[in-house]
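Asks: All letters in the sequence shown, in the order written, are residues 1 to 88 by the working numbering.
By construction, these hints were calculated from the structure, which means they are not laboratory data. Each hint should be verified, as a subset may be incorrect.
[Said to hold, decoys possible] Below, simulated DSBU-like cross-link-like pairs (lysine-lysine); rule was C-alpha separation at most 30 Å, straight line:
(1) K26 with K69
(2) K69 with K30
(3) K26 with K37
[Said to hold, decoys possible] Restraint-style ranges between C-beta atoms, simulated for each label pair:
(4) K37 with V16: 54 to 60 Å
(5) L50 with D23: 47 to 53 Å
(6) K69 with V48: 55 to 61 Å
Even glycine gets a Cβ: it sits at the ideal position worked out from N, Cα and C.
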Amino acid sequence: MTMRIDPSTLTNICQVAAERFLDHAKEFRKLVDYKPKPDHSVDGTLHVDLTPHGDGARRLAEQFELQAKEARAYADHLANAEYVRVVE
Numbered sequence: 001m002t003m004r005i006d007p008s009t010l011t012n013i014c015q016v017a018a019e020r021f022l023d024h025a026k027e028f029r030k031l032v033d034y035k036p037k038p039d040h041s042v043d044g045t046l047h048v049d050l051t052p053h054g055d056g057a058r059r060l061a062e063q064f065e066l067q068a069k070e071a072r073a074y075a076d077h078l079a080n081a082e083y084v085r086v087v088e
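Turn these sequences into a full structure, and let the hints guide you.
Replies: The structure is reproduced here in structure tokens:
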């Protein structure tokens, strides 16, 4: 089966994905210096702060930045295409 897909649709998808990835990266960058709340119990239930922080938050931010870069590269490449063909 062969499908023809409008490149502008894929370009828009990649551009939106890149924006979202950068938004996520920005949020994780904010968490690099986050200090987790100490574990504590409330009504016998243990509460553990699992918010990403430190190196873990930095690595997540870097991963989202890489994905944004790749999504922008796909968008740039697709913007110049006449058509996109998917072959199964």
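Asks: Broken hints, numbered, in rising order?
Replies: Hints 4, 5 and 6 contradicted; others consistent.
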